[in-house]
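Novice: Now for the letters of each chain:
Number of protein chains: 2
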Amino acid sequence: MRVIVIGATGTIGQALVKTLSVHHDVVKVGHKDGGFHVDIASVDSIKTLYDSVGSFDAVVCAAGLAKFGRFEELKEADYLLGLTNKLMGQVNLVRIGRQYLKDKGCFTLTSGILSQEPMKGSASISMVNAGLDGFVRAAALELAPHLRINAVSPPWVKETMEAMGMESSSGMPAEKVALAYLNAVEGTRTGQILDPRSLIKN
Amino acid sequence: MRVIVIGATGTIGQALVKTLSVHHDVVKVGHKDGGFHVDIASVDSIKTLYDSVGSFDAVVCAAGLAKFGRFEELKEADYLLGLTNKLMGQVNLVRIGRQYLKDKGCFTLTSGILSQEPMKGSASISMVNAGLDGFVRAAALELAPHLRINAVSPPWVKETMEAMGMESSSGMPAEKVALAYLNAVEGTRTGQILDPRSLIKN
Chain A
1 MRVIVIGATG TIGQALVKTL SVHHDVVKVG HKDGGFHVDI ASVDSIKTLY
51 DSVGSFDAVV CAAGLAKFGR FEELKEADYL LGLTNKLMGQ VNLVRIGRQY
101 LKDKGCFTLT SGILSQEPMK GSASISMVNA GLDGFVRAAA LELAPHLRIN
151 AVSPPWVKET MEAMGMESSS GMPAEKVALA YLNAVEGTRT GQILDPRSLI
201 KN
Chain B
1 MRVIVIGATG TIGQALVKTL SVHHDVVKVG HKDGGFHVDI ASVDSIKTLY
51 DSVGSFDAVV CAAGLAKFGR FEELKEADYL LGLTNKLMGQ VNLVRIGRQY
101 LKDKGCFTLT SGILSQEPMK GSASISMVNA GLDGFVRAAA LELAPHLRIN
151 AVSPPWVKET MEAMGMESSS GMPAEKVALA YLNAVEGTRT GQILDPRSLI
201 KN
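In order, the protein sequences belong to chains A and B.
Oh and the first sequence: position 118 is 118 in my numbering, straight run, nothing missing.
Oh and the second sequence: position 104 is 104 in my numbering, straight run, nothing missing.
Note that these hints are calculated values from the structure, not bench results.
The beta-carbon is built from N, C-alpha and C at its ideal position, and this holds for glycine as well.
All clues given are correct.
Derived DSSO-like pairs: lysine-lysine, alpha-carbon spacing no greater than 27 Å straight-line:
1. Lys-120/B / Lys-102/A
2. Lys-32/A / Lys-158/A
3. Lys-158/B / Lys-32/B
4. Lys-102/A / Lys-18/A
5. Lys-28/B / Lys-47/B
6. Lys-102/A / Lys-28/A
7. Lys-28/B / Lys-158/B
8. Lys-28/B / Lys-104/B
9. Lys-28/B / Lys-18/B
10. Lys-102/B / Lys-75/A
11. Lys-28/A / Lys-18/A
12. Lys-75/A / Lys-47/B
13. Lys-18/B / Lys-102/B
14. Lys-75/B / Lys-102/A
15. Lys-104/B / Lys-47/B
16. Lys-102/A / Lys-47/A
17. Lys-32/A / Lys-18/A
18. Lys-75/B / Lys-47/A
19. Lys-18/A / Lys-158/A
20. Lys-47/B / Lys-32/B
21. Lys-75/A / Lys-104/B
22. Lys-104/A / Lys-18/A
23. Lys-120/A / Lys-102/B
24. Lys-158/B / Lys-120/B
25. Lys-120/B / Lys-47/A
26. Lys-158/A / Lys-120/A
27. Lys-28/B / Lys-102/B
28. Lys-104/A / Lys-120/B
29. Lys-120/A / Lys-104/B
30. Lys-104/A / Lys-75/B
31. Lys-18/B / Lys-32/B
32. Lys-104/A / Lys-47/A
33. Lys-75/B / Lys-120/B
34. Lys-104/B / Lys-18/B
35. Lys-47/B / Lys-120/A
36. Lys-158/B / Lys-18/B
Derived coverage of chain A by chain B (criterion: at least 3 residues anywhere in the stretch with Cβ under 8 Å from a Cβ of chain B; other residues may be distant):
37. 71 to 80
38. 86 to 100
39. 118 to 128
40. 131 to 137
So here's chain A without its partners, still in its complex pose:
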């Protein structure tokens, strides 16, 4: 399959490219780096990407900004960042991409477990991730039977925790998280929110 990986230069994205490349032709898309670029917050940028990339069988997105912060300090603009970037960015990748994706193709988006397992500071991220989960469950009903859509809802990633100076023993290595995306791309599921902890034995 020819698979577009958006966010290919990120922590999960790099692991995704490595994992998917074993059996698939991977098109790496970065925000500024990589062979192709996209700003998922821009509909025009998304259209330009799809117009330029040629035909493809799958879109995997591991990109999207959202703001973590104390509830009393989160401003309206902080919520809107997540809504316009991580949430509507991925919604628009699907809305627009369905006209380009090959029949029987699939979208695999990125949510996060804060949707169901919030913590202090996650109000805007939990909102965005849960919204994405709701979108995926609903959109799957109308994309079927031609296209599939799923989200991977990663736990804290070990490499991210290390980069943030957090104690990382509870984190999942990015290469393990990537297997959930592989499962979504190669399998037959649709409308599912995949928790890598449930799919993969550490």
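Please arrange chain B on chain A, whose structure you already have, making use of the hints.
Specialist: Okay, now just chain B, sitting in the frame of chain A:
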């Protein structure tokens, strides 16, 4: 308690006012009608409401616009309507209202079961409702122990189905839905998404 009901003139809102008025002092707030007005999509309008309404113990919101429509016909603006009105409108009622609400007060917002039980046409509404659920679960952690927050996630309301010309025998009467809000206001829960079907025997 003094309870502000936003969306007091709507189908659920009217039932809410009737139910809450038995034991509480209800302040009715409409979009254009009622003693007080608010446009929840406007931060300024929300501030004006809170500044003018006096002190209060609870905010109940049964207002919020979102667009139902076929996936291939939903435009970006249709998604943004739900995000800016039903979702961020209610988030802003909490963000701003926490500075006005009395200690031990509570917010009760309105989601909807399409968050978890989507149907064809619900992509944007499922996204908005699920996002609200995620926000409520997370915000509760930081509003505690001073304030509570919950969402009621109503099923299809009988009167709404009748107004839309749908077969309504599966719908729940608004007066039954209102009991879930009463439970949220009078009880001790926080961070919960209340399904009136689970709480109330028809």
